[in-house]
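Novice: Fit chain to chain and form the complex, with the hints in mind.
Just so you know, the sequences run in chain order A and B. Take 1 as the starting number for the first sequence in this note's numbering and just add one per residue. Take 313 as the starting number for the second sequence in this note's numbering and just add one per residue.
Hints were generated in silico from the structure; no laboratory data involved. Fair warning: this is a prediction, and the values are worked out from it, not measured in the lab. Ideal placement from N, C-alpha and C gives every residue a C-beta, glycine not left out.
Covered stretches of chain A (in silico footprint by chain B; criterion: 3 or more residues with CB under 8 Å from a CB of chain B, positions within the stretch not fixed): (1) 24-31; (2) 69-75; (3) 271-278.
So the derived list for chain B, only partly shown, Cβ under 10 Å to chain A, looks like this: (4) Thr327; (5) Val329; (6) Cys558; (7) Gly573; (8) Tyr575.
Quick partial rundown of chain B residues pointing at chain A, CB under 10 Å, derived from the structure: (9) Gly328; (10) Ser371; (11) Leu375; (12) Gly559; (13) Gly561; (14) Asn567; (15) Ala569; (16) Lys580.
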Amino acid sequence: MSKDAGPRMAVNLGGITMRNPVNTASGTFGNGEQFEGFYDVGSTLGAITCKGVSAIPWEGNPAPRLAELGGAAILNSVGLQNPGVAGFVGRYGEYLQGLRRKGCAVICQVAGHSLEEYARAMELFEELAPFASGFEINISCPNIAAGGAAMGATPAAAAEVMRTVRPLTTRPIVVKMAPHDVAEIGRALEAEGADALSLINTIPGMSIDVRTRRSRVCRPTAGVSGPAIHAIAVRMVWECARAVKVPICGIGGITCGEDAAEMILAGATAISVGTANLVDPACAARVVEELEQWACDQGVTDINELIGAFEC
Amino acid sequence: MTIQPDSLAGTASATGVHGFEVFSNEAVADGVWRMRCHTPVASLIAPGQFVNVAVPGDSAHILRIPLSFSVAQATSQTLELVYAVVGEGTRRLSCMRVGDTSTMVGPCGNGWALPTHEGRALLVAGGVGLPPIVACARMLAEASVGFDVIVGAQTSAKHVEYLLDELRRLAPDEGCDCARKVLVCTDDGTLGTRGFTTDVMADLIADRPYAQAYTCGPTPMMAGVARLCAKRDIACQASLERMMGCGFGACSCCNVALVAGGYALCCKDGPVFDAREVVW
Ligand SMILES: Cc1cc2nc3c(=O)[nH]c(=O)nc-3n(C[C@H](O)[C@H](O)[C@H](O)COP(=O)(O)OP(=O)(O)OC[C@H]3O[C@@H](n4cnc5c(N)ncnc54)[C@H](O)[C@@H]3O)c2cc1C
Ligand SMILES: Cc1cc2nc3c(=O)[nH]c(=O)nc-3n(C[C@H](O)[C@H](O)[C@H](O)COP(=O)(O)O)c2cc1C
Ligand code: FES
Chain A
1 MSKDAGPRMA VNLGGITMRN PVNTASGTFG NGEQFEGFYD VGSTLGAITC
51 KGVSAIPWEG NPAPRLAELG GAAILNSVGL QNPGVAGFVG RYGEYLQGLR
101 RKGCAVICQV AGHSLEEYAR AMELFEELAP FASGFEINIS CPNIAAGGAA
151 MGATPAAAAE VMRTVRPLTT RPIVVKMAPH DVAEIGRALE AEGADALSLI
201 NTIPGMSIDV RTRRSRVCRP TAGVSGPAIH AIAVRMVWEC ARAVKVPICG
251 IGGITCGEDA AEMILAGATA ISVGTANLVD PACAARVVEE LEQWACDQGV
301 TDINELIGAF EC
Chain B
313 MTIQPDSLAG TASATGVHGF EVFSNEAVAD GVWRMRCHTP VASLIAPGQF
363 VNVAVPGDSA HILRIPLSFS VAQATSQTLE LVYAVVGEGT RRLSCMRVGD
413 TSTMVGPCGN GWALPTHEGR ALLVAGGVGL PPIVACARML AEASVGFDVI
463 VGAQTSAKHV EYLLDELRRL APDEGCDCAR KVLVCTDDGT LGTRGFTTDV
513 MADLIADRPY AQAYTCGPTP MMAGVARLCA KRDIACQASL ERMMGCGFGA
563 CSCCNVALVA GGYALCCKDG PVFDAREVVW
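With the rest of the complex left out, here is chain B (with noise of 0.2 Å):
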């Protein structure tokens, strides 16, 4: 798996509608949905960023649907989206076959930023936060940044076994002081430890120091992981998201509150906001 340099370092390439076509869409887990894609997006777009994709055959739903990815390979052209199946859109995005083709917009918003210290760092997905963080670890892996993951699921049928496994093999366990870990919780314990990923976090940053953390999950767990890295003054950026309108600034729809007043857009100035910035 290869990113592209030049997308790795940040450099924001202009928001554009470019076709898609899908390849493969599967079932991946109870209720999440895998789909790859070719598309132009996938040597423009970097760890964090997201699409706006619009689901061909249905006139009654307007909006396109906001998408993170968790693998984009530029020689290929290809990306990989993986969502959960939680209304119509994604309904019906589950229903393309392959062949099927449709447009999506983007690359859109600022992604992940490398850590500015020196230091471990820590990433904590919930749900279907997990692909933006798959895209993260795969960056941190590829400046050699250490760093430790916790993902966390409702049950066991809801984590996404080849994401799991795609982490192990970014964190291999060296076997020394500072391997990296892969830690798995759900909320019933069918999987890994039993509760949640804030419970693991707490139990994690009293043995280990880190400098940066990097969450994508459901709003209250990521307010948790924020609040926890407050309070041991550990960085942390959150992927936010929010209804969206366009998704490149046009509307004013996905508004985020900040603490220093007013509001930030998620879709441009974000998704990717430095946590203490933003209002939990």
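Extracted from the complex, chain A is given alone in its bound form (with noise of 0.2 Å):
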């Protein structure tokens, strides 16, 4: 390897090809935009991953939506505010097929209450949005009162979505996953056609205000998400990544490079960056850099040989 070559970064994450591993988790990044005023971001990121989208709009939960909770964790319960597929594309559709046009690939997020639902935004967004790479189905949003987790809740539930949606795209379809029997519910994905997996979505978690007696959130349960949450998302990912062949993409507290080379060994190809893009807008970036500085450190010439390396 001469000196500057460096080492290949790029993975295929089941068929969405990017150019680092370097992704970034649903309703954490805007639909990048905000982010542009940080870094480059189409010339600099694997993918991005937009907002969760439902066929129409969603207003989502009412104030408060956030709470700090003090153990490197925040709750949050926005609840998939969104304006709809064709709202989505008008305001967006032209920044992201931009996206596309620098090498960064662009995962629309599809959002639903229930399998009508579902199909009907998956519809929309293979009509209206040919500037996506592929898509993911969010089965797992713990925010909402009906659909979203509860949609993912068994390996029967979540198949069933994805016996929904699998006929209507040929593009790539990843199922973004909840934290629980991760293992189980894959296989399940896999069976019915999921190209890629990404976990996790938030743990559901709860916040008291001992004062009031009232949750410091709008709703009485939220998702727990942040740098508190990595080690339960690297050994989610370890134990979905030998129960399935289709590629996964990490998710879950990561901060820097070092977190995203764990989930890297414990079987990911891709990982999506979260909590970290609000507090430093510029992480995602960082963790590009540090990713490759690793890659290197271990003597690789390609990343995709540190996919799963993890020796136990």
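Specialist: Structure follows, in structure tokens:
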């Protein structure tokens, strides 16, 4: 390996080709544009995953949607506020097309309350979003009353969502999984034609203000994210990777190249930076550099050699 | 004190991550601190916009602290933040020493707009809603808009004296009918009038006509100001607070319910809103 060539960093996430393994977690990266003041998103990242979008606009939950937990974690209950597929494409389509031109993959996230709604959103995306490199089906949002996490709670329920959306597109489908039974549910999704899996979504949690006896966010339970969940996420990626053959995007508490490298060793092909984008807006760009440095230090010519290279 | 003319014109500068270095950080009232720092944000930020500050040295609390500013001096690149110590983040902020460095995301959001109609402006501040009101007063003074100010606090010890002096300097008593007034009140009567800012405001607007109000402070106070303005058909801009995840429109955590239905984002669409457009 010549000194300045560096290791090859490109990966393939179930048909979504990425120039490097770094992706962004849905809901923590706006739709990319918000980060252009911090770095050139399209020339830097392997992919971005957009905010969850439903067939028609969703208002999302009332305030307050966020609490700081004090243990390197936050609690959110945004509830998938989004302008609907048409609104999303109208507002961001051109920008996202531009990202594709710069070589950054664009993953559009599909949300729904029911099988019909997932199907409708998928159809609209298929028709209106030629810029999407692939889709991520969110069956794991803990912050909506119907659908969301309930749709992915069991292997049978998850498989049904996959059966519903699979015939509607030929583009790659990633499924965003909840933090439980990942091996079993992962196998069910793979059997129904999922091209890749991404995990984990936030971990359901609670935070009670003991003076007022009320939840510190708008609903009793909400989603925990941030550095505190990283070790749990790495374990789940490892469990899932051993159960399936499709590639995995590892998500949860990633703040640096070392966190990302752990995910890759545990079996992830790609990784997503989530909460860290909010507090350190240039984090994902830094992870790209640090990950490449790590691959270099490991003496490999291709980052793919390190996927699942955890020695136990 | 100068603010860059182009920041006054409200041209939005792109939000970025900027370094800052503390050159003073001290208590200026009971539980209220003032930090002065050097940072390039000072030449980019407009009155009513805010910065999202990373406090170093605690990996358990990950969110930044959103703070408005009272003074931004472009020539010397200095920014002045006045903040109440209310929890762990602001407590740690108060521990930063001269020479300490960190980063801030900014400038964030949309600041105050100059009045669109001829006429006097009324500024109403409560508690640590005062810093952006001081920045607003300076903006109005530079634009030669006449204004009066009402500043409320729980008790005299919580009033930030030097900012009251700054307001009096910006609003000199010219001894004529339309002399600018700086009216001070406290909940317990230990300084100025006893009572709430809205009581003082009700008396004042019965006396003088206003075209525009600007308010920042506790939500119940701003709601009261908005109600009084609506009754008298006075336009009102209010600077709202929400828990913030990012401060630049990426997470949808800072939603503000709108009268027209749906939500706006406090960090991106605000923090300054037309008081008639938000659900109080
Ligand atoms: C746009 C904007 C401008 C602000 N400007 C100023 C300012 O100039 N001076 C000032 O003293 N404060 C200002 N605040 C409020 C300040 O951000 C909070 O007081 C601070 O984040 C509390 O952090 P903490 O860790 O010390 O407290 P925590 O321990 O997190 O909380 C202590 C208390 O403060 C409340 N709180 C926490 N975060 C916020 C928040 N973002 N907004 C409102 N209340 C909050 C909590 O609900 C709790 O009751 C502003 C807030 C916003 C959104
Ligand atoms: C504010 C916020 C909004 C989120 N919105 C979504 C969403 O729309 N769809 C989704 O699948 N996950 C959403 N998530 C979950 C993240 O994508 C990610 O799975 C989770 O936060 C764990 O990663 P982290 O610890 O790096 O943040 C959201 C998380 C946060 C903090
Ligand atoms: S704080 Fe993230 S969108 Fe406003």
